[in-house]
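J.: Fit chain to chain and form the complex, with the hints in mind.
As a plain string of letters, each chain reads:
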Amino acid sequence: MNQVQFFRQLARIAILCVVSAFVLGPLVATVLGGFKSSAEIRTNAIGLPETWQLEHYASIVSSPEFWRYLFNSLVISLSCVFLTLLVGAAAAYVFAQIRFFGSRMLFSYLLLGLMFPFATAILPLFIKVRDIGILDTYWAVILPQTAFGLSLAILLFRTFFQQLPKELFEAAYVDGCGYVRFFWRFTLPLSTPILATVGTFVFVQSWNNFLLPLVVLNSREAFTWPLGMMQFRGEYLTDWNLVLAFVTLTILPAILFFLAAQKYIVAGLTGGAVKG
Amino acid sequence: MSITQQGPASETLVERLRRGLTNGRFAAIMLLLPPALILFSLFVIVPLGESGWYAFFDWNGYGEPVDMVGLQNFERLFGHSVFHQAVGNTVKIVVVSLVIQMPLALGLALLIYRKTPTNAAFRLIFFLPYILAEIAAGLIWSFIFDGNYGVSASVTQAMGTEPYFLLADRDWAFVAIMTVIVWKYFGFHMMIYIAALQGVPDDLLEAARIEGAKPLDIVKHVQIPLIKPAILVSAFFAIIGALQVFDVIIPLTNGGPSNSTHTIVTYLYTFGLTRLKIGFGSAVGVVLFLSAVLIAVFYQRIAFKKEPQS
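Line by line, the protein sequences give chains A and B.
The first sequence begins at 234 in the numbering used here and counts up one residue at a time.
The second sequence begins at 775 in the numbering used here and counts up one residue at a time.
By construction, these hints were calculated from the structure, which means they are not laboratory data.
Treat the numbers as computed from the prediction; the structure is a model and nothing was measured.
We put the beta carbon where it would ideally sit given N, CA and C, even for glycine.
Please note that the accuracy of each hint is not assured.
Stated by the list, open to error - If you want a taste of the chain A side facing chain B, the calculated C-beta under 10 Å gives, among others:
1. Gly-258
2. Arg-275
3. Thr-276
4. Leu-287
5. Leu-307
6. Leu-311
7. Phe-315
8. Leu-316
9. Ser-341
10. Leu-345
11. Leu-444
Claimed, not checked - Label-pair restraints from in silico Cβ distances:
12. B:Gln-972 with A:Leu-485: 26 to 34 Å
13. B:Trp-827 with A:Met-348: 17 to 25 Å
14. B:Gly-862 with A:Ile-488: 29 to 37 Å
With the rest of the complex left out, here is chain B (with noise of 0.2 Å):
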């Protein structure tokens, strides 16, 4: 890695350092290292922080936080009904994600990912949600789903039907929150498990053919567990991509009808920063940091418990 400098033994502390100043060693730490660490810290660490000690206050963000309340905006938190639908509402985009996403993304990989032409069209295809904003997805499915003006009016007019708002159903509206986010994000998974798939060896494919195997069982027993480290981080992907759906909801449904579509981030700046309870919201923000750490922990325990060394 670095260059080790074997200096004679007798050097003194003051040699070292004044070799250390000459090759820029020392010059190099000191003027490449700081503004990293001075951005990250103001920016990054030192906000996490102050999120852990606003949360024991009633504040409204102007003046200094003074009227601490100990724990109450935590039971405030836990005791409100919107916030269990907003958690249960981010448990639903894991499950979604984890039972129709990954399951998607994977079986499109294996279609498509050998280099030939057509798949690389059907690959762009399919990562094209991807890359546009959230905001952007949100707004095109709201048209979509708009029951006078978009797709669904069509269809109801063509059917002779009354509209139908399933935005506005609190029934519908998060299966249709759900759709978008399937849509948006399962490209991605996909190229994640295109780029494993791409490096099983073609040698092993093909002796398993040879043993007679049949196409699924090269599927479930070869390529499957070989590409076992892909699906953990796309796995891991999807969980902590949960934790922070925002943008597609606002254009959506804005967290409604009657709150029912709030997902933890969307009930913090909800309910913590349009009304300036900065203390309410950073306890949100609290345990959002807490949820991630511990998914992140118990993750990598389970995960990653059998391979023997990574």
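If we strip away everything but chain A, and leave its shape as in the complex, we get (with noise of 0.2 Å):
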């Protein structure tokens, strides 16, 4: 290695630490912050703290309306999740398979959700929800949130469905295989790298989603964990050190989620690279 490379490596490295410094500081002070006294918080934002208290986290945990937060926001992400699979695979398996009168313009109309912000519509959607008479129940999030996720769903899954061999669907139809049937019984057990691509987006952004359960969740027995953070936010204005665990116990599960779904979220970013 010459000199000149030996620099640029080095400047290389320089440069990636100090952009890492910037990311991990905050998320680092933040999981220490629980950790630490009020008094030293003051003082010590950064550092490691000088005894690990155990309280703050402590006490989070033992609040059963974190745990109720956590599972409203669990049912309502799975069930977005659900949903979002079985009805956009099964727009999207029509779109691949068969062909008919309208279905291209069905389809761009399927796609239109791609075009505009969620919050365009966010106060004829507080009204319906509240004339239909599920405000302040899992629906109120559920319904919408679906229904705005389909667009991207369908678009994936198509591309995926017309990917598959069609030598398979001509072999099941010959056995007397309809559509329906093919749907259930080859489609989506085929398509398992797709749904989990898909599955994983809907979940993540269900799971962070903000805005739609502010408007249309009231008591906080609803109450998904970011509104329930912003409420204890509020509630607990001066005590940082238990806002930072409550943080840090709702962000940590994301991370290990993400480690974990990793490769079906990078493949999900990269497929609508591809697509644009």
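T.: And the structure:
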């Protein structure tokens, strides 16, 4: 390695480390903050705690509300995943397999959701959800969230279904298997990679969503964790230790989940990048 | 794509229909398509249409909208200085995304796109903020910026100066917010570039190297032109993303101090929903919608103009 290459390499590592510090600093300060005493958090925001205090984490973990928020989020997110996969895959299958009058138009119609921000229709959505009588229930989040996620799901599903070998369908068809049966028996089981990608995306989006739950959920009983966290922050304005412990306990699962599902998230990103 | 079944030429319409029913083609369409269509129409398209309708009323959301006020909501909106500020802030986010965030993401992508273990580790680190909820990111940074308790408190204390509240400063609060936005999203753009860079064939880079091209020349004349589609896509995401910024602002400043850090969506929420001015808020929604559509159309025109097929 000559000198130029050596310095180039050195500069590269230096840049990467600086950016890493920028990225990780706030996260580390958050995790550690939950272990510090109130006095220490003012003077030593980034360093290691002098004495590791477990009380803040313990008080969050022992609060039933915290678990309630997580439970609500989990039910809502999993329902969104289930519904999106089922309804989205079914529609995408029709577009991939069957050519019929108006199919192109219906397909474009369903893709309209990709074009504009969710917030554009949030007020009428609030009115609608209230008029249907599902305000403050899980459904108030699940149905709109699923509906809005359908566009991307259908786009990704259709592309994948079109790549499945046609011979398979021909063989099944000759054996007397109709379209609907084929969808259940073959298309869905063969599509686990794309189901995992879309499912991961829907889950993360729903898990992190704030605006929709904020608008359609009123009672703390129904709060998802981002709402619960904001509420908690409002009540414990000066107790950063407690708030940081709360934040840590909710971002750790997200990070672990990401490490486990990494492959699918990245696949989804690059898939989207190719499509445009 | 689909299997074409050629029936006898003399087949009547009734026979064709029956065949469609027996192999389940018709049944499949009628069974598998409606759930998506109904859900999507009911919770996306219909509210969108209603937004356009409500925008012409002075309405608090109860009973029927009867008080038709024409374009008054739009006039009030366009005359409202806070709305101008919100639009300006949204534009600032776009500019920062294009001028700071994307070059940063591209530079980093170029440094770590090769598949080595250390690169993989850096990639994970840089992508981490993207997977956090915006609310969590906002809270984390509001701690960092807190003049009494956070990192900025430690800094002022170490320097022996007065506590400083960045987020309460009209001139600096939005700069702080944009820092958080870059922190949160640059990893996303970086991933798009990395995926694209990995698709650039190695022998092309090798050939350029043998011809004596310097590393920077290769970046400029080989890699960047080849990943142009990815760059265009990421720019589009950045622009459309800027239109939706909401969750980050709420825990950081909630639109303050004195309404200086609103974006279009926090404006819509604050002045439309929390005050139950459904008509006025819907007018904001309509403006947001039209901006998104206009951007999408123009972007397609401009960005993809010179590409022969796409």
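J.: Where does the structure disagree with the numbered hints, that is, which hint numbers, in rising order?
T.: Hints 4, 5, 6, 7, 9 not satisfied by this model.
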